[in-house]
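Sequence order for the protein chains is B and A.
All letters in the first sequence, in the order written, are residues 3 to 252 by my numbering.
All letters in the second sequence, in the order written, are residues 8 to 254 by my numbering.
I should point out that these hints are in silico values taken from the structure, not numbers from a laboratory.
Warning: the hint list may mix true and false statements.
Below, simulated DSSO-like cross-link-like pairs (lysine-lysine); rule was C-alpha separation at most 27 Å, straight line [unchecked claim]:
(1) K104/B to K131/A
(2) K117/A to K19/B
(3) K180/A to K104/B
(4) K117/A to K21/B
(5) K180/A to K159/A
(6) K7/B to K180/A
(7) K131/A to K7/B
(8) K144/B to K22/B
(9) K133/A to K19/B
(10) K7/B to K134/A
(11) K20/B to K69/A
(12) K174/B to K131/A
(13) K106/A to K180/A
(14) K117/A to K104/B
(15) K20/B to K22/A
(16) K22/B to K106/A
Which chain A residues face chain B? A few, computed with CB under 7 Å, are given here [stated by the list, open to error]:
(17) T58
(18) Y73
(19) L83
(20) C88
(21) M99
(22) Y102
(23) D116
Given the structure is predicted, the values throughout are model-derived calculations rather than measurements.
No residue lacks a Cβ here, since even glycine has one placed at the ideal position from N, Cα and C.
For reference, the chains in residue letters:
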Amino acid sequence: MRIFKMALLNEIDKVLKKKKTLVVIIISMITIVIGQLSIIGLQKGLNFATVSLSSFPILILSFFASTILLLFTILITIDLFSGEFNSNTIKITITRPISRFKLFLAKTTSILIFISFNLLVLFVTSFVLSIIFNNGSLSIGKFLDLVVAYLVTLLPIMAIAMVIILLANLIKSSTMVFFISLIIILLFKGLEILFPAYSSLLVFSMLDWYNLWLSDNIQIFKIIREFLIMLSFSIMLFIASFYIFEKRDF
Amino acid sequence: MNKILEIENLNKVYKNERGIFDLNLDIDKGDIFGFLGPNGAGKTTTMKIMTGLMKQDSGNVKIFGYNIREDFERALENVGCIIETVEAFSYMTAYDNLKYVSRYYNNIDKNRIDDVLELVGLHKYKKEKVKGFSLGMKQRLGIATAIINKPKLAILDEPLNGLDVEGMLEFRKLIKNISEKENTTFFISSHLIHDVELTCNRVGIIIGGKLLNVDYIDNILMSYESLEKYFVREVEKNENIQNGIIK
Numbered sequence: 003m004r005i006f007k008m009a010l011l012n013e014i015d016k017v018l019k020k021k022k023t024l025v026v027i028i029i030s031m032i033t034i035v036i037g038q039l040s041i042i043g044l045q046k047g048l049n050f051a052t053v054s055l056s057s058f059p060i061l062i063l064s065f066f067a068s069t070i071l072l073l074f075t076i077l078i079t080i081d082l083f084s085g086e087f088n089s090n091t092i093k094i095t096i097t098r099p100i101s102r103f104k105l106f107l108a109k110t111t112s113i114l115i116f117i118s119f120n121l122l123v124l125f126v127t128s129f130v131l132s133i134i135f136n137n138g139s140l141s142i143g144k145f146l147d148l149v150v151a152y153l154v155t156l157l158p159i160m161a162i163a164m165v166i167i168l169l170a171n172l173i174k175s176s177t178m179v180f181f182i183s184l185i186i187i188l189l190f191k192g193l194e195i196l197f198p199a200y201s202s203l204l205v206f207s208m209l210d211w212y213n214l215w216l217s218d219n220i221q222i223f224k225i226i227r228e229f230l231i232m233l234s235f236s237i238m239l240f241i242a243s244f245y246i247f248e249k250r251d252f
Numbered sequence: 008m009n010k011i012l013e014i015e016n017l018n019k020v021y022k023n024e025r026g027i028f029d030l031n032l033d034i035d036k037g038d039i040f041g042f043l044g045p046n047g048a049g050k051t052t053t054m055k056i057m058t059g060l061m062k063q064d065s066g067n068v069k070i071f072g073y074n075i076r077e078d079f080e081r082a083l084e085n086v087g088c089i090i091e092t093v094e095a096f097s098y099m100t101a102y103d104n105l106k107y108v109s110r111y112y113n114n115i116d117k118n119r120i121d122d123v124l125e126l127v128g129l130h131k132y133k134k135e136k137v138k139g140f141s142l143g144m145k146q147r148l149g150i151a152t153a154i155i156n157k158p159k160l161a162i163l164d165e166p167l168n169g170l171d172v173e174g175m176l177e178f179r180k181l182i183k184n185i186s187e188k189e190n191t192t193f194f195i196s197s198h199l200i201h202d203v204e205l206t207c208n209r210v211g212i213i214i215g216g217k218l219l220n221v222d223y224i225d226n227i228l229m230s231y232e233s234l235e236k237y238f239v240r241e242v243e244k245n246e247n248i249q250n251g252i253i254k
């Protein structure tokens, strides 16, 4: 367990020391502020849109989950896998007394932690700005809805991260992994539009599944079904990616 | 003698049919073993298997009695290595690179990191990012990461690559120093005969993926004028055997 903890600490440390982590967080915060200011402008100038205290954080979540947060997840995942394979820095860790399974698990867990951290930053920033600038009251129930919406979004993003992890283990070039990831995401978005009836089976279409949790009539069976689809999809990809990682010669 | 490293019937064949074939080798405690062979002889492949970077097709490697396939963590607990090229995270400082590596071992404190940086002559650059380091400085950092855990076995693949003459002399001194003071066993690969003769006390010759012979340098120098003459003789002997088989 000590070795796993240390490996996890190292993986987190690496991501924190990269400039792009800070850049992404700053971009996220600036985008939220710009979003909030635009809404104020629209409300006051054109009397066009009204955004309540509780709906602004959800608006931010729906925008970020399929854009900046997804992009950040792709970049971090590529850095921790194919980025290290290409630069040969993976050798620094592989030649230490740690099994490949623990190392793989530490890398995957660190990605999960960073998605969570990013969601937390988005939630806190959007919530604080919403309290300052938007009208309306917030009940404890509504607040908990916001927390749940952000929490459950972790699962579809992690499921997509597992696809990137598989690609990053299969394909040597980081640039190729990046573009293929984008193509796959766009392809699935296209499928979602072309075959809306099957969208609940496509993991890439589940980024907005938090809406199921916010509905007045919670469809428990639909939630369980989508949860199980994402979970089984993630487990299968985890096993496949680890198999490739374990067999790989460096 | 205490066996630190045992290699039994090790095989690894690449698609181009090169690799290592039926390699058997034991390294005893206190040895400074030179793994001598030309480029492409199979030195790096052997070392990569020993350190978990590659999987063998068949055969076993035991380090301190632990099979690397079954108990990798224990086998590597007291091992330090540089394989093929020195790697470091360029966006981290020299100190942070050592801190990163030290987390995988027990009881390595700040003082040890400072001591090792001092030992390899990088202490005054410890807060500088590695991306600004010269090849020689990176090589020194590589040596520092290889010895940070006070390894009982250090596996160094062509460690003199990139070092200037002064660096080579210092490196040899460093190896002898660590070997005597910390009783570290060394497994060093090189294609430079003269370096092996000056640095090591035991040598194994590998050609075409096959280990030809293993002997102590003192014994060799009693029968041969230099290690180079011994090397040439061993290669000729091997060629004769191969030709005999072909005929």
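Do the hints match the structure? See the list:
1. The straight-line distance between the Cα atoms of K104/B and K131/A is roughly 35 Å, outside the 27 Å bound, and the hint therefore fails.
2. Our distance criterion of 27 Å between C-alpha atoms is met by K117/A and K19/B, whose separation comes to about 19 Å.
3. The straight-line distance between the Cα atoms of K180/A and K104/B is roughly 37 Å, outside the 27 Å bound, and the hint therefore fails.
4. Of the supplied pair hints, the one linking K117/A and K21/B holds, its CA atoms being roughly 25 Å apart against a limit of 27 Å.
5. Proposed proximity of K180/A and K159/A is supported: the alpha carbons are some 18 Å apart, at most 27 Å.
6. Proposed proximity of K7/B and K180/A is contradicted: the alpha carbons are some 37 Å apart, above 27 Å.
7. The hinted pair formed by K131/A and K7/B fails the criterion: a straight-line CA distance of about 31 Å is larger than 27 Å.
8. Only pairs whose Cα atoms come within 27 Å are accepted, and K144/B paired with K22/B is rejected, the gap being roughly 34 Å.
9. Our distance criterion of 27 Å between C-alpha atoms is met by K133/A and K19/B, whose separation comes to about 16 Å.
10. Of the pairs offered as hints, the one joining K7/B and K134/A holds, with about 25 Å between alpha carbons and a cut-off of 27 Å not exceeded.
11. Taking the CA atoms of K20/B and K69/A, the gap is about 38 Å. The hint is violated against a cut of 27 Å.
12. Between K174/B and K131/A, the direct Cα distance comes to roughly 37 Å. Violation of the 27 Å bound is thereby established for this hinted pair.
13. Note on K106/A and K180/A: the hinted pairing holds, with a Cα-Cα distance of about 25 Å set against a maximum of 27 Å.
14. Simply put, K117/A and K104/B have alpha-carbon atoms about 25 Å apart, close enough for the 27 Å limit, and the pair holds.
15. A threshold of 27 Å between alpha carbons decides the hint, and for K20/B with K22/A the separation of about 37 Å lies outside it, so the pair is violated.
16. Annotation: proposed proximity of K22/B to K106/A holds, straight-line Cα distance about 22 Å (limit 27 Å).
17. Checking T58/A against chain B: minimum C-beta separation of about 4 Å stays under 7 Å; hint holds.
18. Here the hint on Y73/A is broken, as its CB sits about 10 Å from the closest CB of chain B, past 7 Å.
19. At a threshold of 7 Å, the smallest CB-CB gap from L83/A to chain B is about 4 Å, leaving the interface hint in force.
20. Interface restraint check: C88/A against chain B, minimum CB-CB distance 5 Å, threshold 7 Å, status holds.
21. The beta carbon of M99/A is positioned within 7 Å of a beta carbon in chain B (closest approach about 6 Å), and the interface hint is therefore held.
22. Taking 7 Å as the C-beta cut-off, the interface hint given for Y102/A is violated, the closest approach to chain B being about 12 Å.
23. Below 7 Å, beta-carbon pairs count as interface contacts, and D116/A has none with chain B, the closest being about 14 Å; its hint is therefore violated.
Hint check: violations occur at hints 1, 3, 6, 7, 8, 11, 12, 15, 18, 22 and 23; the rest are consistent with the structure.
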